[in-house]
Amino acid sequence: MPQSLRDRYPRRIEVPLLILASFVLLLVALSLPLMTVEKMAFWKNEYSVIAGVHGLWEQGQYTLAVILFFFSIVFPTFKLAMLGVIWTVRLADWKRQAVLHWLGILGKWSMLDVFVVAILIVLVKLGPLAKVQPQRGVYWFAAAILLSMITSMYVDSLARKQS
1 MPQSLRDRYP RRIEVPLLIL ASFVLLLVAL SLPLMTVEKM AFWKNEYSVI AGVHGLWEQG
61 QYTLAVILFF FSIVFPTFKL AMLGVIWTVR LADWKRQAVL HWLGILGKWS MLDVFVVAIL
121 IVLVKLGPLA KVQPQRGVYW FAAAILLSMI TSMYVDSLAR KQS
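In the numbering used here, the protein residues as written are 1 to 163.
Where hints are given, some of them may not hold.
What the hints assert, rightly or not - Below are the DMTMM-like pairs computed for lysine to aspartate or glutamate, each with C-alpha atoms no more than 25 angstroms apart in a straight line:
id	residue 1	residue 2
1	Lys161	Asp7
2	Lys95	Asp7
3	Lys161	Glu14
4	Lys131	Glu14
5	Lys108	Asp93
6	Lys108	Glu14
7	Lys39	Glu58
8	Lys44	Glu58
9	Lys95	Glu38
10	Lys108	Asp156
11	Lys95	Glu14
12	Lys131	Glu38
13	Lys161	Asp93
14	Lys131	Glu46
Unchecked claim - DEER-style ranges, computed between Cβ atoms:
id	residue 1	residue 2	range
15	Leu146	His101	17 to 23 angstroms
16	Trp43	Val89	48 to 54 angstroms
17	Ser4	Trp102	16 to 22 angstroms
18	Lys161	Leu27	29 to 35 angstroms
Hints in this document: simulated from the structure, not taken from any laboratory.
Keep in mind that this is a model prediction, so the values were computed, not measured.
Cβ atoms here follow ideal geometry from the backbone N, Cα and C, with glycine treated the same way.
Given only the sequences and the hints, what does the whole structure look like? Please build it.
Laid out in structure tokens, this is it:
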């Protein structure tokens with residue numbers, strides 16, 4: 001009979017706490033500014049992930065907006081939701097392992113947006129007309145993704161153990 005991981009490990013309250021903490025970190029990170037762009041000392045703009053997606057959409061950069069939206073907002077949220085499902089829903093072991101396998105494959109792309117932001121900051125810093133300063137949102141976002149990855153690995157290790 002299929003069993004949930006929560007049923008298998010009833011004293012492991014750290015798992016739902018880790019999932020919740022990852023989700024809260026992600027929500028905070030998405031709203032905080034990632035970077036401040038100062039152009040020719042006259043204009044200064046701050047950009048968060050949400051503002052960046054909205055700005056790209058407004059400028060007609062639909063492909064970039066959709067990619068950023070998917071990898072920065074949809075996928076991390078979906079991953080955390082699936083970890084919650086894996087923890088609480090009764091699944092056959094092979095189904096649970098299949099979901100964890102796909103989350104692991106997709107999880108390799110989790111740091112893509114942090115990497116892109118870092119490259120963007122370096123590239124813009126090279127330009128003489130603009131100055132880019134990373135803001136706290138970059139660190140919060142990286143922390144959210146890292147905690148999500150750690151939580152995923154932890155749930156995977158619990159799922160692989162035989163009770």
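Hints and how they fare:
no.: 1; hint: Lys161 - Asp7; verdict: holds (14 angstroms)
no.: 2; hint: Lys95 - Asp7; verdict: holds (16 angstroms)
no.: 3; hint: Lys161 - Glu14; verdict: holds (17 angstroms)
no.: 4; hint: Lys131 - Glu14; verdict: violated (42 angstroms)
no.: 5; hint: Lys108 - Asp93; verdict: holds (23 angstroms)
no.: 6; hint: Lys108 - Glu14; verdict: holds (24 angstroms)
no.: 7; hint: Lys39 - Glu58; verdict: holds (20 angstroms)
no.: 8; hint: Lys44 - Glu58; verdict: holds (19 angstroms)
no.: 9; hint: Lys95 - Glu38; verdict: violated (50 angstroms)
no.: 10; hint: Lys108 - Asp156; verdict: holds (15 angstroms)
no.: 11; hint: Lys95 - Glu14; verdict: holds (23 angstroms)
no.: 12; hint: Lys131 - Glu38; verdict: holds (5 angstroms)
no.: 13; hint: Lys161 - Asp93; verdict: holds (11 angstroms)
no.: 14; hint: Lys131 - Glu46; verdict: holds (12 angstroms)
no.: 15; hint: Leu146 - His101: 17 to 23 angstroms; verdict: holds (21 angstroms)
no.: 16; hint: Trp43 - Val89: 48 to 54 angstroms; verdict: holds (50 angstroms)
no.: 17; hint: Ser4 - Trp102: 16 to 22 angstroms; verdict: holds (19 angstroms)
no.: 18; hint: Lys161 - Leu27: 29 to 35 angstroms; verdict: holds (31 angstroms)
Hint violations for this structure: numbers 4, 9, all remaining hints satisfied.
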